[in-house]
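Residue numbers (my numbering), protein chains in the order written: chain A, 1 to 339; chain B, 340 to 912; chain C, 913 to 1056; chain D, 1057 to 1156.
These are calculated hints, taken from the structure and not from any lab test.
All residues carry an ideal CB built from backbone N, CA and C; glycine is no exception.
The reader is advised that the hints may include incorrect statements.
Stated by the list, open to error - 20 angstroms max Cα-Cα, derived SDA-like pairs, lysine to any residue:
no.	chain 1	residue 1	chain 2	residue 2
1	A	Lys274	D	Glu1092
2	B	Lys777	C	Cys1028
3	B	Lys452	B	Asp531
4	A	Lys128	A	Arg106
5	A	Lys128	A	Arg107
6	A	Lys247	D	Asn1131
7	D	Lys1059	B	Asp361
8	A	Lys317	A	Gln117
9	B	Lys767	B	Ser855
10	B	Lys694	B	Asp531
11	B	Lys732	D	Lys1067
12	B	Lys722	D	Lys1059
13	B	Lys777	C	Ser935
To be verified - Far from chain A, by Cβ distances over 10 angstroms, these chain D residues were calculated:
no.	residue
14	Asn1061
15	Lys1067
16	Thr1069
17	Thr1077
18	Ala1087
19	Glu1114
20	Thr1116
21	Pro1117
22	Leu1123
23	Leu1124
24	Lys1126
25	Glu1129
26	Asp1135
27	Arg1143
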Amino acid sequence: MPLPTGAVIGIMMDNLKKRKSVFPISHRKAVKWSQKLEIPEGGETVLYTGSMYQLLPYMLAAVNRMGKMEDSFLGRFVGMGRFFNKMFNVSAIMFRPKRADHRRFRRIIRDIARLLQQAGVEFGYLYKKELYAGALAFDMGADETFVAHARRVHAMLKEQGVRSLITIDPHTTNVLRSVYPTIIDGFDIEVKSYLEVLAANDTLRPVNKVAGEITIHDSCVYARYEDIVEEPRKLLERAGYTVLEPKDNRNLTHCCGGPIESLFPGMAHQIGKKRVRQLKDKNGLGVATMCPICMATLQQAANGDLEIDDIASFLVKAFCEPEEKPIKKKSADENRSEP
Amino acid sequence: MSERRIGVYICYCGGNISDYVDCERVQDAIKHEEGVVVAKTTMFACSDAAQQEMIDDIREQKLDAMVVASCSPTLHLFTFRGVAERAGLNPYLYVQVNLREQCSWAHTDVPEKATEKAVHMVKAGIAKARLTEPLQKTRIDTVPRALVVGAGISGLRAALALSDLGISVYVAEKTDKIGGRVAEMGRMYPHDRRGSELIANLVEEAQKRENVQIYTQAELTEKSGSVGDFTVKLNVKGESIPLNVGAIIVTTGFNSYQPADGEYAYGTDGVLTLPEFKQLLDQCEGDLTYRGKPVGNVSYIYCVGSRGSSQKENPNDYCSRYCCNAAMHASSIAHDLSPGLHQFHLFRDIRTYGKYELLYQEARRKGALFIKFDDDEPPRVEKSNGCFRILVKDVLTNGEELDIESDLVVLVTAMEPRPNQPLNDVLKLPLGLDGFFKEIHPKLRPVETVIDGVFIAGTAQAPRNSAESVASALAATSKSAALLKKGYVELEPLIAVVDKQACTWCDKCVESCPYSAIGKIGSGEKEVAEINAAVCKGCGCCVPACPQGALGVRGYTDRQIRAMIDAMEARNG
Amino acid sequence: MEKGGGAAGEGFRPRILVFSTESISDIGIDLAGSSHMHYPPTAISIPLPCSSGIRPDWILYALGHGFDGVFVAADGTDCPFVPDCTGRTAKLVDQAQNLLRENDIKPERLKMAAVCSVCAESFQKHMKSFFDALKGLGPTRKAG
Amino acid sequence: MAKVNPAFIEKVTASEEFNATECMNCGVCSAVCPVEIDLLPRKLFRYALLGLEDKVLEHTPAIYQCLLCKLCEANCTADVHIAENVRFLRTYISKEVYKL
C-alpha cells in the first residue's frame, strides 16, 4: 500500500508554515558547516545554501523510516501523524539522522565555499537568517503555502540588502531564479549557481595534480530547467579530470528518482537503480553529482557498488590545498543518530 | 514482293536484352523478311553513334521504314521518330518493338524461349512497318480569345490573367451572382479578409478591362470546332449568343455535401453544415449567438460526406482535404467571438497539411479539444432538453465513452462534384470515379483534359481550397495562353480514317465516338462518315462499331493488326 | 473446327495473344518485365490506343492463326479516352465470344481483365492461370 | 459513460501555463518516462481536458509519482509544459482535495 499522499505532503507543508522548513532543523546544525571559514555575515552577494544539503540527512532518515512503512500497516498512521505534527514536532522525533550523514553533507558545503574563496569571489553568508527556498512546496503544488513562504524569503533578502545570490544546489537555484520572479512583482535579485560563478572565473587554477576519468550525472533541474550543462564539465576538465558521458546525459539526463522518494520510496529506488546501471557502464574514478538529492538517492541505489560523490568534492582536490582535519571529539559511533 | 525498304536494328541494351535474348539469332531469323534491307544488332540503339549509323543507313540505303527493337516505347519512341526526321524519313514510318520490358526482362528464366518470342515480336514489328504510311500533323490557326465557364474565384482570376496577356475573355456564369462559393465564405485564412471582399476586388478589376466580358445567367449550350478555333453558343437569359474562342477553361466549382435527413441529427434546429456555420460566424458581432441565444458549447463532427462516411447511397470515398483546415479556422474565429466557448472537435484523422498545421495549433492553443473516434463507431447525436448530447468513444483514452452537451453541432461537410449534366453533354469532358472533371495526368498535365483546348481548374476538378483553386486557374491560364499566343496548333495524325468505299452511313460510329468527332459528308453518289481531324483523339472506339469494317485508326489499321498476327504465327511458319 | 483437349501433347505450350493498350496496360506489363516477374513467354502483345477499339474479328483471326488464347488487357477505369471503357470493352468481348461460339471455338479461349499501370502482379497471375487453363483446353487448330 | 464537464475544464485550464490542449497525443512522453507510468502524462491531460474529474482524481498517485524531471518535455514535439501541467494538477488536488 502506498503512503497516503495528502498526509505526507500535509506534514511537510505544516512544517514549512509553522517552522519555516519542510523538516524542522536547528539553526545551529544549519550553519555548522561554516565554522572557521570566516565568511562575513550578510553583504550584497551571499552564498545561499537554501538548507538543501543540510536537510538531506533528515530526508534520508525519513525515507528510511517511510520506505519500511510503505507496505506495512504503519503507513496508515502517517495520516494521524499530521494531526499530532501541528502541535509538536513529530518529524523531529520520528526521523533521527545519522551523524555521518550530517558530516558528509556539511563537508560538501564547506568544499563549495572554499572553492569560491580560492577563486577570489567575495561573498557573505546569512547564517541563521537564511531560509529554505520552498522547492518542495512548489513541486507538490501547495501553491498557497509556497507563495506565502516565498514572500517571507524575499522580504528577508530585501531587508538584508542582498542583491545577488550564489546558490549551491539545482532546486534552490531553480526556485529562486525561475519561480520567484513569476510570483513576486519586481523580483530583481540576481541568482547564480556556484558552478556558473566558478566556470566563468579565470583565476581558479589547480594547485594539486589530479587525474582520472569521472562520470558525470547531470541533474534534471540544472540541465532541463536551468540550462546548466557545460559549466560542470568545464570545471572538471579544468581540474584535470577526463569527463565520461553516461548513456542519458546533458539535457536528456535520466532522473535519479529522488523527487518522489518521500512519497513512493520503492518506486524511487527502482529508478535510481536503473540510473546506476547506466552510470556503471561508463565508470572511471567515480560519479560526480551536483545535487544533494541525486547524490543521496544514487548512493542508496548503488549500495556501495559505485563511488558517487558531489562534484565539489572532486573539484576541491584539485583547486584547494587540503584542509587541516577538524579535531575529532572522541571516537563517536558514526552511525549513531543525532537530532 | 514488298517494295518497301526497311531498316531493322536490334538493341543489346548493353546486356539487358542480349543477356537473355540471342540477338544474332533474331537478326538471322528476320534478315530475309520481306522488305528488310538492313538488319543490324547494336550495343545501345539510343547512343549517338548508333543514331548516326541509322541516319546514314536511311540516307544511303534509301530506307522508307525503320524498326528498332529495344526498350519500351514510353522511353524512346520519340527519340527514334526524331532520328527518322533528321534523316529525312517521315517519323510515322518508324515502329518500335519493346524487347526489353516485354521480353528479355520478363523471361530471364528461359533465354531460349525469350529468343523465340523476340523473333515473333520483331517480325510483327516489320509487318507493321511494311504497312506504314507517311503522315503529317494537322495545323490549325488559333483565335486569340477564351471562354471561362463559371465566375467563382478561379474563373475570375483566370479571366484577369488572360486579359493581362492580351487575350480577350468571355466569362459565362450560370447563376445571377458573381463570385461563387468564396463570396459567401466570410473571413478567410491567412489574410483574414472576407471572401466577398476578395471577389468584389476581382469584379471591380474585371469591369475596368475592355477585353473581359462577364455574362450572368449564362449557360454554354453548344460547342463545335476544335482546339484553337471553337464556335460556342451561350444561352444568356434566353438569348443565344454565338462566340468564337480558341480555348475554354472550366471552373464550375463544387457543391457542398448536404447530409441525409437525420444524418447526425441533420434537419434538427442547431445542427449546421460547416458552410452554414461559417455564415453564422460571419453574421455575429460580439458573442456567438444562435437564434438570439448565447452559445456555450459547440461540437464539430469531421469527415461528414467524405472518406466513405455517408448515410446516402454511393458515399464519396475521397478526402475533401479543405475541411479540416476550414473547421480549424472556423473554430478559431468562434473562439475570438466568444472566448469562453467550449469547442469539441470529433475527428477521424486531422489533415491540416502544410502551413495549415498552424491553424490546428492555433485552435488547440485557444482551448479547442480534439476527440478521435473510430471509423466504425461514429459519434451519435441526440437531442434532449433543448440541447444536444454527443455520445462518442474517445480513441485516445482507450475508448472512454464521452457524453458531451452541446448547443450547436457543426457537421464538417465534404466538397462534392456538381452535377453539370447539360454542360457535360456539350463539353464531353471525362469525369473521374469521384465525379469531378479529370485531367490527363495528375502530375505532368494537371489542368489539361483529353479535349484539346479545354482546360479545368478549381474545385470543378477536385476538392481544394481557394488558394489551390486559384493556382490551378492560373496554370490553366498559362496553358491556354501558350496555346493561343503561338498562333497555331499541330495535331497528331494517328486518328481514325474512313474507308469511303466500304462505308454505307449507318451512323453507328457516330454514337460510339466519345468526342463527337464523326460527321457525315457526301461522297459522289452516297453519304459517308467523315472524321473531324481536329477533334478525333485516335482512341479507336468507332472501329469495332462499324458493321462494314470501314473504320480504322492510323498506325493500328485492320491490315496492320492482321499482318502482325500473321507474322507472329510460328506454327505455320 | 476445334479439336478436344485430348489433342494437347505433353509439351503443349499454349500461345497467348495479348491486346494491350499503350498508355495503361502496357505500362503495367512493362512493370512486370522490369520487376523480372516471369510469365509464360508464349504470351505476346499487340498494343492499341484503347481496349475499346478492338475488333472482335481480330480475336477470331488470331485464334484461327496459331494462337490458343486471346487476353484483352483492358484499360479499365484508368482509360484516358472514355470513362465507360470497361463496359465498352466487356461488350466487345461478349460479341467476340459469340463469334467464337459461332465458329465452334470455346469462348474460354478469350479472357478479359483490366490491367492498370501498376498491375504487374495481377498481369503475371492472369498470364499463368490463363496459360494453365488453355493447357487444359488444348491447342486451337484450323479445320483442314 | 463519462460526462464531459466544462466547469472542471475551466478550473484546470485556468492557469496560463496549463497548455495541455497543445498535446498531439503522440505518446513520446509516456515512452521516455523514467517512472514508466503509462498513464502519464498524455492520458492524464486528456482526462483533465475532457473535464473528467473522477478520472483525474482516480489517478492521484500517478500525479504525485511524476518526478518533474522534464525528460518528457525535452522530447515533446508540441512544446507542452508537461511538468508545469502536472504541478498544476497537484495544486488543484492540494487545494480541492487535501485542503492544504
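Cross-check of the supplied hints:
no. : hint                 : result
1   : A:Lys274 - D:Glu1092 : holds (12 angstroms)
2   : B:Lys777 - C:Cys1028 : holds (17 angstroms)
3   : B:Lys452 - B:Asp531  : violated (68 angstroms)
4   : A:Lys128 - A:Arg106  : holds (15 angstroms)
5   : A:Lys128 - A:Arg107  : holds (18 angstroms)
6   : A:Lys247 - D:Asn1131 : holds (16 angstroms)
7   : D:Lys1059 - B:Asp361 : violated (77 angstroms)
8   : A:Lys317 - A:Gln117  : holds (14 angstroms)
9   : B:Lys767 - B:Ser855  : holds (8 angstroms)
10  : B:Lys694 - B:Asp531  : holds (15 angstroms)
11  : B:Lys732 - D:Lys1067 : violated (24 angstroms)
12  : B:Lys722 - D:Lys1059 : holds (16 angstroms)
13  : B:Lys777 - C:Ser935  : holds (16 angstroms)
14  : Asn1061              : holds (21 angstroms)
15  : Lys1067              : holds (14 angstroms)
16  : Thr1069              : holds (16 angstroms)
17  : Thr1077              : holds (20 angstroms)
18  : Ala1087              : holds (13 angstroms)
19  : Glu1114              : holds (13 angstroms)
20  : Thr1116              : violated (6 angstroms)
21  : Pro1117              : violated (6 angstroms)
22  : Leu1123              : violated (5 angstroms)
23  : Leu1124              : violated (6 angstroms)
24  : Lys1126              : violated (4 angstroms)
25  : Glu1129              : violated (7 angstroms)
26  : Asp1135              : holds (13 angstroms)
27  : Arg1143              : violated (5 angstroms)
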